[in-house]
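Novice: Each chain, letter by letter, is given below.
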Amino acid sequence: MLQGWIQIAVFVAVLVALIKPVGIYMARVFTNQRVFLSPVVGPIERLAYRVLRVRPDAEGQDWKAYARSVIVFSLFSWLALYLILRTQGIQPFNPEGFHSGPWDLSFNTASSFVTNTNWQYYGGETTLTYFAQMAGLTVQNFVSAAVGIAVVVALIRGIVARSGRELGNFWQDLVRILLYVLVPISIVGALFLVSQGVIQNLSDTSLVHTLSGGTQLIGQGPVASQEAIKELGTNGGGFFNVNSSFPLENPSGLTNFVEMLLILIVPASLTYAYGRMVGSQRQGWAIFSAMFALFVVGVVVVYMAEQHGTVAQHAAGLHTHAFDGSTGGNMEGKEQRFGVAGSSLWTAVTTVTSCGAVNAAFESLTGLGQAVPFANLSFSEVVFGGVGTGLYSMLLYVLLAVFIGGLMVGRTPEYLGKKIQAREIKLVSLGVLVTPLAVLLSSGIASATELGKRSLYAGVNPQGFSETLYAYLSQANNNGSALAGYTGFIQPNAPGNAGAYGISFADLLGGAVMVGARFLPILFVLGVAGALAGKKASPAGLGTMRTDNPTFVFLLIGIVILVGALTFFPALLLGPVVQSLTTRLF
Amino acid sequence: MKRDLRTGLIAIVVMTVFLGLVYPLAITGISQVVFPGNADGSLVKVDGRVVGSKLIGQEFKGGAYFHSRPSATGYSGNVTFFGNVAPNSVGAREEVREYMKEYLQLEKPFDKSLSSEDVPVDAVTHSASGVDPHISQANARIQAHRIAAVRKLPLAQVEDLISAHTDGRSLGLLGEPGVNVLELNLALDKEAPVE
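Heads up: the sequence lines are chains A and B, in that order.
The opening position of the first sequence corresponds to residue 1 in the numbering used here, with each subsequent residue numbered one higher.
The opening position of the second sequence corresponds to residue 1001 in the numbering used here, with each subsequent residue numbered one higher.
The set of hints was computed from the structure by calculation and includes no laboratory data.
Among the clues, some could well be false.
[To be verified] Quick list of in silico lysine to any residue cross-link-like pairs, SDA-like style, CA-CA up to 20 angstroms:
id	chain 1	residue 1	chain 2	residue 2
1	B	K1002	A	R68
2	B	K1002	A	T210
3	B	K1002	A	D204
4	B	K1108	A	V51
5	B	K1045	A	D204
6	A	K64	B	K1061
7	B	K1190	A	I71
8	B	K1045	A	T210
9	B	K1045	A	T205
10	B	K1002	A	W78
11	B	K1112	A	W78
12	A	K64	B	K1108
13	B	K1061	A	A540
14	B	K1002	A	G213
15	B	K1190	A	T551
16	A	K64	B	R1006
17	B	K1061	A	T215
18	B	K1190	A	H209
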């Protein structure tokens, strides 16, 4: 286990070391300053504004205009993706001659990728053309991530602005985030991944003749170019159904490490960029510390739980201790090259962020191991969270903490000199509550009616309940990981879509939950930004509650846990908690 | 509003072209030139015939080969899914029991001291991908007894081959060591072919 802890420690150290340089770089991008890529990217950026017909510096948007642009762009994104998913039969780059899947599945998939969720009821390699993977999914991997970052940048501008109502220009933010952050890192990342063995081609499936005299088909495709942005944009939808556990998506311990870094680098560094933009690095570190503490606890719990092995394995007489040449632990649904440590760390990384890419089967995690992803999603993805979404959701919790803390000590709630008043706190409450509400309503309906039963794999037992709850937790939080037995799509003749059909209830409810739980909070966040933008900031005095010291960090962690626990604890009891406490088999 | 509609429409079209076609196709072009073997799936050829990918595990049958980890997908490289075995399920217990029984039945005749306590976890659990190319070193060392007997090789030689085809941790640090089963079996066929 020591070796595993060392790997985890090295990962954390490298991540923390990268936060400052990446944070500074991103802050410069967000505030329209020159960066080292400007000589190369600048001309492309100016061309983009001409093509889009925007004059960015002359066209600042207030929160309503900013929100309108976000919604309009996302609507077009949805329509474009749905169109692509429905016209597979006539597309180029379709060596296997796939046809379109069913309409309800396409609804779910389009909603999934436009909302940065990348929940997958479909299997990529058995249902989608390379054209749809590239022009549909890869594009949304980029732009849905950029939209999330743009919204948090707008919120930060609202927090900072001392006068006026403008939050910047959405189109300019979109272009700059793509050109200066997401695309360059993805290009480097994709080429690195290919150099390590990730595939990148347009070939048909390969037929090989195995040594034992059989045959094996091996999937191909433009994987690396999607893999890089899938991690970087905390998207998470695998080119292959088994996602980053597939060796052609994630071939070694090194690629595993780099892919995890790609997942966390933007959400973690945004806290540094935040500190810089609000003019106090301590504010950024305070938020980072709260996130980091919750992250570390998750990693420790999941690793120890997985190293222990499962109840069923022990009941079968399997010895799950480590010995020379064997990692021991729960290796069900895990890959040898990552081992228990590499899979456990990934599990925490992908669920604290809203990435949702997996390198091990979540359904086969131990009871307590499963509880960690559940808990991370129950915190509404504020522990680093998705690119942009994580920080803006956490900032809602910060405002909530300021408000509650202020009431407790009898001081006027203020954040960075701005009074937090009724309007802000109403919007904050709505923003904090809409996602849990969506989860509990949808998973409640799915569990309580016959409609949800068809999607179950584990049957009517604690694991089956976990499948349902996790499905809606994951979709509402725009994460996308799954206890993958749960399904909304039946594919009897894979590969291709012949004879395949969707489970309309699961597809439509899931799609609606993803869209609602993405865009309603965005509107509330931009509303908060708008409400804060016009406010005068008063200098901090003796009566001001500090938001950059350990006391506040503890308060913030407490509020996050309190809201998450109070909302979800009864539901969590029925699934992961039962399974981690009992040695009974179901 | 009208301006938003126009800009939004142009934006999604332009981005689809550049991020959805130019970017992946450019990466494909560069990869095909700079890393041709990797980009095409690290396929392994023997006498001009493709026998597998060094990154994709395959099913090995019979006594003369090292066996891969159990697969929930029949070692499919193009239709992948998780085994989705639940941690507290009766089915999981039965499956592990069954895999342990098969494993011991196959290996125990060649290694009399082998008992259920010695069975490494990777040998009786499904991999995530269904095509894990590796087995643990402990798993390989157990199977080595059978290979040595069937192929009439000294055990030490088989163990040397295992070491030679063990992929260590990346940079000596990241991940876990694993024995690449296809490469090891290919090496066996080369050094001590079975008639």
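Novice: Indicate, hint by hint, whether the structure satisfies it.
Specialist: Consistency of the hints with the structure:
1. B/K1002 / A/R68: Holds - the C-alpha atoms of A/R68 and B/K1002 are around 11 angstroms apart, at most 20 angstroms.
2. B/K1002 / A/T210: violated (60 angstroms)
3. B/K1002 / A/D204: Roughly 43 angstroms separates the two Cα atoms, so the pair is violated.
4. B/K1108 / A/V51: violated (71 angstroms)
5. B/K1045 / A/D204: holds (18 angstroms)
6. A/K64 / B/K1061: Not OK: A/K64 and B/K1061 at ~65 angstroms, beyond 20 angstroms, violated.
7. B/K1190 / A/I71: violated (62 angstroms)
8. B/K1045 / A/T210: Holds, at about 11 angstroms.
9. B/K1045 / A/T205: Roughly 16 angstroms separates the two Cα atoms, so the pair holds.
10. B/K1002 / A/W78: holds (18 angstroms)
11. B/K1112 / A/W78: Violated, because 63 angstroms separates the two Cα atoms, which is more than 20 angstroms.
12. A/K64 / B/K1108: Judged against 20 angstroms, a Cα distance of about 72 angstroms means the pair is violated.
13. B/K1061 / A/A540: violated (74 angstroms)
14. B/K1002 / A/G213: violated (64 angstroms)
15. B/K1190 / A/T551: Distance ~67 angstroms between B/K1190 and A/T551 Cα, so the pair is violated.
16. A/K64 / B/R1006: Roughly 18 angstroms separates the two Cα atoms, so the pair holds.
17. B/K1061 / A/T215: holds (13 angstroms)
18. B/K1190 / A/H209: Holds: B/K1190 and A/H209 sit about 17 angstroms apart, inside 20 angstroms.
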